[in-house]
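One letter stands for each residue in the lines below.
There are 4 protein chains.
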Amino acid sequence: MTMAMDAEALNRFLQSDFPQVAGSFRVDDASHDRLTARLVVGRDHLRPGGTVSGPSMFALADLAVYCMVLARIGPVALAVTTNASIDFMRKPAAGRDLVAECRLLKLGRVLAVADVLMHSDGQEGAVARCSMTYSIPPAT
Amino acid sequence: MTMAMDAEALNRFLQSDFPQVAGSFRVDDASHDRLTARLVVGRDHLRPGGTVSGPSMFALADLAVYCMVLARIGPVALAVTTNASIDFMRKPAAGRDLVAECRLLKLGRVLAVADVLMHSDGQEGAVARCSMTYSIPPAT
Amino acid sequence: MTMAMDAEALNRFLQSDFPQVAGSFRVDDASHDRLTARLVVGRDHLRPGGTVSGPSMFALADLAVYCMVLARIGPVALAVTTNASIDFMRKPAAGRDLVAECRLLKLGRVLAVADVLMHSDGQEGAVARCSMTYSIPPAT
Amino acid sequence: MTMAMDAEALNRFLQSDFPQVAGSFRVDDASHDRLTARLVVGRDHLRPGGTVSGPSMFALADLAVYCMVLARIGPVALAVTTNASIDFMRKPAAGRDLVAECRLLKLGRVLAVADVLMHSDGQEGAVARCSMTYSIPPAT
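Protein chains in written order, with this note's numbering: chain A, 1 to 140; chain B, 1 to 140; chain C, 1 to 140; chain D, 1 to 140.
Derived by calculation from the structure, the hints in this document are not laboratory data.
Every value quoted in this text rests on a predicted model; they were computed, and no experiment measured them.
It cannot be assumed that every hint is accurate.
Note: identical chains are not told apart, hence a pair may lie in one copy or across any two.
Unchecked claim - Distance condition first, Cα-Cα at most 20 Å in a straight line; then the derived SDA-like pairs of lysine to any residue:
1) K91 x I136
2) K106 x G125
3) K106 x H32
4) K106 x I136
5) K91 x L104
6) K91 x T2
7) K91 x E101
8) K106 x P137
9) K106 x S24
10) K106 x S135
One chain only, chain A, in its complex shape:
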């Protein structure tokens, strides 16, 4: 049950390799098969009406799963999303961060599968759920 990167290492990796998004996303916690990440909601993430936009929710889910995979296999920049399926269920609360709880369901040789529940920070009721598949490049 070893991990390649913890939350601190993941946040450092985001800052060095994805500086354009590192200000908006943060990994709060990472364990063997669970990870919590957050979207620090800013004006760019909102849609008319003041709630978090669909693409911003997608971006948070994608980042959470990516970091979950990296937590286990290390900073492999080439892991790519191959499939995502999202259900949008409730309107996010205005003025609150969006929190993603990720579960790693499978970490295979070529594919990783995880799902994500998202809720507005401090609120009950899932805003969205997402399942994602990542393709893992062959070790060299």
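Given the coordinates of chain A, work out where chains B, C and D should sit on it, guided by the hints.
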């Protein structure tokens, strides 16, 4: 936190309204937003190689979500699946029932959303995950 | 633009390797990136009310994509579905075959992606759509 | 076979109601059940490596389906995405717009279903496919 039907009532409903599948499926447990159902695996559910077929896994997930919705709104035969997304992750074990753990994520006025994790009875590691949306007919 | 198997070869393969389903499914036509398959609807495929069941629709989509992949790479029995996403849109007509039109969108080294539109034979309006990913075993 | 809004009306609506995205997205063509939209790729849409990011592809698909629905029912700002399933298949070409071809598969009383194929402008091979469900608010 009231329920319209418990596990026993759901199993009776399956026997009376869906006799052709009631021999293969059983609700083990049902609470406010969780339900456990099982596929009693028989020869009809297998594919070459002796493992449970994809359509049988789909059928189990669909039945679990249907019963989860009925547990809350009562025996509304007209609730229908509008979307299903499944990830097949591991080969089911031969000769074991398939167990589905369902979570109700949203029960709205017109749509219900739930997800399901499936594993071979007595085995670790999810065989498949599925998210489903049901359309709920308007009350009359 | 070569094909490994045409419609006739695919139907022979289904009869020899999947005899339990070969009576219900038939490949009508196969080309480089398109395939038409049909579910010859029988009593086993119906749900209460007389329309084709969800698992039977899933089974048809799965078979169509499997045959589409085999049409290109030959009879590789080990190709397996890793993801399926289905939208159920209209009730199938009673007493009519279900026809699946498959498009191959990607045939990669490890993953194939295709989508399927299904309609009741002789009827307008798609009954369901499905996208699927198949994992292709490494050549040996 | 009437339409409520053509491509020109849709582009005007984007500029008036979604000014923050109207500079990046454009409807090229809209007919009864087909719509073509484009992401005018700018620096904000890129991920490290210079290709269009996943969230930007999601945003394009979402906008294309939204406009397809509006083309039929008129400027109903309250239509919302309830489900999206995306397959990412090829890396987009750098320095090219991303073009989305949308098909409307169902326009029901409460739900609309459409799918989208995306390719880099002037290139063969789909970059991504997406299916989406929109919930349509009741007419008042």
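Evaluation of the provided hints:
1. K91 x I136: between (33 Å within a copy, 15 Å between copies)
2. K106 x G125: So K106 and G125 pass the 20 Å test across copies only (8 Å; inside, 26 Å).
3. K106 x H32: within (12 Å within a copy, 28 Å between copies)
4. K106 x I136: For K106 and I136, both the intra-copy (12 Å) and inter-copy (18 Å) Cα distances are at most 20 Å.
5. K91 x L104: between (26 Å within a copy, 17 Å between copies)
6. K91 x T2: neither (37 Å within a copy, 25 Å between copies)
7. K91 x E101: Classified as within: same-chain Cα gap 17 Å, cross-chain 26 Å, threshold 20 Å.
8. K106 x P137: Answer is both: 15 Å inside a copy and 18 Å across each meet the 20 Å cutoff.
9. K106 x S24: neither (27 Å within a copy, 28 Å between copies)
10. K106 x S135: For K106 and S135, both the intra-copy (12 Å) and inter-copy (15 Å) Cα distances are at most 20 Å.
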